[in-house]
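Protein chains: 2
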Amino acid sequence: MPVSLSPYALRQQIRQGSFTGNTSGYCAGYVQGNLAILPKAFADEFLMFCQLNPKPCPIIGMSANPGEFMLPDLGQDIDIRRDIPRYRIYEDGKLTSEVTDVVEYWQDDMVAFLLGCSFSFEEALIADGLEIRNITEQVNVPMYRTNIACKSAGRFSGTTVVSMRPMKPADAIRAIQICSRFPSVHGAPLHFGDPAAIGISDINHPDFGDAVTINEGEVPVFWACGVTPQVAIESARPPICITHSPGHMLVTDLPNSRLAIL
Amino acid sequence: MPVSLSPYALRQQIRQGSFTGNTSGYCAGYVQGNLAILPKAFADEFLMFCQLNPKPCPIIGMSANPGEFMLPDLGQDIDIRRDIPRYRIYEDGKLTSEVTDVVEYWQDDMVAFLLGCSFSFEEALIADGLEIRNITEQVNVPMYRTNIACKSAGRFSGTTVVSMRPMKPADAIRAIQICSRFPSVHGAPLHFGDPAAIGISDINHPDFGDAVTINEGEVPVFWACGVTPQVAIESARPPICITHSPGHMLVTDLPNSRLAIL
Numbered sequence: 647m648p649v650s651l652s653p654y655a656l657r658q659q660i661r662q663g664s665f666t667g668n669t670s671g672y673c674a675g676y677v678q679g680n681l682a683i684l685p686k687a688f689a690d691e692f693l694m695f696c697q698l699n700p701k702p703c704p705i706i707g708m709s710a711n712p713g714e715f716m717l718p719d720l721g722q723d724i725d726i727r728r729d730i731p732r733y734r735i736y737e738d739g740k741l742t743s744e745v746t747d748v749v750e751y752w753q754d755d756m757v758a759f760l761l762g763c764s765f766s767f768e769e770a771l772i773a774d775g776l777e778i779r780n781i782t783e784q785v786n787v788p789m790y791r792t793n794i795a796c797k798s799a800g801r802f803s804g805t806t807v808v809s810m811r812p813m814k815p816a817d818a819i820r821a822i823q824i825c826s827r828f829p830s831v832h833g834a835p836l837h838f839g840d841p842a843a844i845g846i847s848d849i850n851h852p853d854f855g856d857a858v859t860i861n862e863g864e865v866p867v868f869w870a871c872g873v874t875p876q877v878a879i880e881s882a883r884p885p886i887c888i889t890h891s892p893g894h895m896l897v898t899d900l901p902n903s904r905l906a907i908l
Numbered sequence: 647m648p649v650s651l652s653p654y655a656l657r658q659q660i661r662q663g664s665f666t667g668n669t670s671g672y673c674a675g676y677v678q679g680n681l682a683i684l685p686k687a688f689a690d691e692f693l694m695f696c697q698l699n700p701k702p703c704p705i706i707g708m709s710a711n712p713g714e715f716m717l718p719d720l721g722q723d724i725d726i727r728r729d730i731p732r733y734r735i736y737e738d739g740k741l742t743s744e745v746t747d748v749v750e751y752w753q754d755d756m757v758a759f760l761l762g763c764s765f766s767f768e769e770a771l772i773a774d775g776l777e778i779r780n781i782t783e784q785v786n787v788p789m790y791r792t793n794i795a796c797k798s799a800g801r802f803s804g805t806t807v808v809s810m811r812p813m814k815p816a817d818a819i820r821a822i823q824i825c826s827r828f829p830s831v832h833g834a835p836l837h838f839g840d841p842a843a844i845g846i847s848d849i850n851h852p853d854f855g856d857a858v859t860i861n862e863g864e865v866p867v868f869w870a871c872g873v874t875p876q877v878a879i880e881s882a883r884p885p886i887c888i889t890h891s892p893g894h895m896l897v898t899d900l901p902n903s904r905l906a907i908l
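Chains A and B supply the protein sequences, listed in that same order. The working numbering runs 646 ahead of the 1-based position in the first sequence. The working numbering runs 646 ahead of the 1-based position in the second sequence.
There could be a bad hint or two in this list.
Since the list can't tell identical chains apart, any single copy or any two copies may satisfy a pair.
Said to hold, decoys possible - BS3-like cross-link-like pairs, simulated, lysine-lysine; straight-line CA separation at most 27 Å:
(1) 814 x 797
(2) 686 x 814
(3) 740 x 814
(4) 701 x 814
(5) 740 x 686
(6) 797 x 686
(7) 797 x 701
(8) 740 x 701
Quick caveat, the hints were computed from the structure, so don't treat them as lab data. Predicted, not measured: the structure shown is a model, and the values here were computed from it.
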């Protein structure tokens, strides 16, 4: 894997169609973002939804105006229609196709949102010597629907989806300290311990992603997850919505350390 | 209770003998400190013990030189021999008397150490809206011996004593964030959840202090405790050691906020 590839160089490969894969593990040290593109009538309400629910929906960048597909604040020459390896098209809340660029779907009233992703805080945890079980076991992080209500904004509403990483309590305390520095990539965990306390009935059967091993002496630690806005968008049923395909993110020029508040 | 009494005014009452009580709840907003006075031959090793074990033994002030009983860095005109309401005298590791000043015990080779105390972080937690169970139930905080070894320094060694406050997980996460700002008053918790994981066999029978109620949905949260150095001193058996009497602290002129690193 060409770990020394710059974010700009990777985006150029993506734009040219020579890179169409998962971005996990590429451009270590740089922020990767979740994408949501909505027409303006829905975008205004979605912006408020994110503002009201910053832990699951941390905005790290958006179109300066409706129709604007260049995102200079996130990196050099970023064209959000072409610089993500794989996109999903939702019509009336249903997935209808998966494509490698969205130039033909772009409309003059569209607004692109980039939301922080857990890759950034996982990198900070690993740098501190903590183990991330889903990475060790080479599976997707387990994610669960909870009974923690989001604040509603217009047609956007729902409950919080969480990701889970098992840890020994002392490591969980350290993880809470580290993640508190990164509010724009979900911040500190929402909960640890008893899954039922937040409405999770079976920790071994996640609603999204894969189950991971929880060892003796470990507790499950739960973070607000970027799947939360996706679920809210599906229930809002906009006529069209474009997202990244899971794991196929926008790789920005922002160093992860830029997201640290301290 | 004269809550508006300044630390200096309270210390003057203490020095004159008109105040000999518990300092808990007095001079809200100001740092209170645990006292340990040792002869130089033991003080050098104790200083190293504190340096090696900063979570249970956070030094906030000490004599500038052996024999120095004035502590100007901690407040106006502080004479550590007279400005604490009640002292305990230990000889060869055994408690031999309790007195209201220690002028007659003071020796030219003595070194006074002031260690941070949980009052400072409890105040920050309460200010944030969290409940401190031992305060609600008007008892001493429960404290437990653990199997977490301290690093040894000369004759000083032992295991960590912890204090425990039960909380819901979301409140515990907030408490970890707040206490992380206060490393010189024990800092973030050491552990939460299963007491047996740190060698506590019965959470309902603390080794020091009083048991408190742990409600459904709460987990015990454990902080390093200032009783740790007391236990280490007892086992080191110095010929003489002077401490404050529990709850009868040095009230300094330092605002609690001064101890925050962030």
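Hint by hint, which ones does this structure get wrong, listed from lowest number up?
2, 3
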